[in-house]
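Please work from the sequences and hints to get the whole structure.
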Amino acid sequence: MSTTDLIARYFAAFNAKDTAAMLDCLAEDVAHHVNEGQIRRGKEAFAAFCDHMARCYDERLTDMVVFEAEHGTRAAAEYVVNGTYLQTDEGLPEAQGQTYRLPAGSFFTVENGKIARVVTYYNLADWTAQVS
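Just so we're aligned: 236 in this note's numbering is position 85 of the sequence shown, and the numbers increase by one with no gaps anywhere.
Just so you know, the hints here were simulated from the structure itself, not pulled from any lab data. Certain hints may be false.
Derived DSBU-like pairs: lysine-lysine, alpha-carbon spacing no greater than 30 Å straight-line [as the list claims (entries may be wrong)]:
id, residue 1, residue 2
1, K168, K265
2, K194, K168
3, K265, K194
Across the chosen pairs, the derived CB separations fall in these ranges [to be verified]:
id, residue 1, residue 2, range
4, L275, R211, 18 to 28 Å
5, G223, G248, 20 to 30 Å
6, G248, T224, 37 to 47 Å
7, E179, T250, 34 to 44 Å
8, A276, H203, 29 to 39 Å
9, S153, N233, 36 to 46 Å
10, G242, S153, 31 to 41 Å
11, G248, H203, 13 to 23 Å
12, G193, A280, 26 to 36 Å
13, G193, G248, 15 to 25 Å
14, M152, G248, 16 to 26 Å
15, Q189, A246, 19 to 29 Å
16, A280, M152, 21 to 31 Å
17, D240, D156, 26 to 36 Å
Where is the CB? At the ideal position from N, CA and C, for every residue including glycine.
Now the structure itself:
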């Protein structure tokens with residue numbers, strides 16, 4: 152499977168809300184760099200993050216463009232997050248079912264056909280303004 156196919160599979164699983172399929176794309180010791188947060192290491196931490204996100208947010212990614220470099224060992228994706236804020240997340244505005252549309256991007260390192268690093272960026276101030 153090519154790197155772009157792997158990244159497309161990862162995001163298709165995200166949109167299907169299929170955490171198990173997302174985990175299947177990841178290396179056991181994946182480093183997950185979240186926007187405005189600590190680095191989480193390993194599939195267990197990644198799964199816990201996904202569970203938390205599913206409680207607080209309902210999101211679908213659209214307008215996806217995937218880029219590949221470094222002979223398939225690096226990739227990036229640009230997309231739009233279309234979401235609904237379901238449950239108040241600690242330290243953030245109160246959730247009242249607000250919707251948002253937010254440009255975002257992710258960077259990946261791929262090793263042995265698995266995603267070894269995921270870095271996600273979006274503009275938190277933009278999101279906060281949309282849900283406030």
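Going down the list of hints, with the structure as the test:
no.	hint	in the structure
1	K168 to K265	19 Å, holds
2	K194 to K168	16 Å, holds
3	K265 to K194	12 Å, holds
4	L275 to R211: 18 to 28 Å	19 Å, holds
5	G223 to G248: 20 to 30 Å	41 Å, violated
6	G248 to T224: 37 to 47 Å	41 Å, holds
7	E179 to T250: 34 to 44 Å	36 Å, holds
8	A276 to H203: 29 to 39 Å	21 Å, violated
9	S153 to N233: 36 to 46 Å	27 Å, violated
10	G242 to S153: 31 to 41 Å	39 Å, holds
11	G248 to H203: 13 to 23 Å	18 Å, holds
12	G193 to A280: 26 to 36 Å	34 Å, holds
13	G193 to G248: 15 to 25 Å	33 Å, violated
14	M152 to G248: 16 to 26 Å	38 Å, violated
15	Q189 to A246: 19 to 29 Å	22 Å, holds
16	A280 to M152: 21 to 31 Å	39 Å, violated
17	D240 to D156: 26 to 36 Å	32 Å, holds
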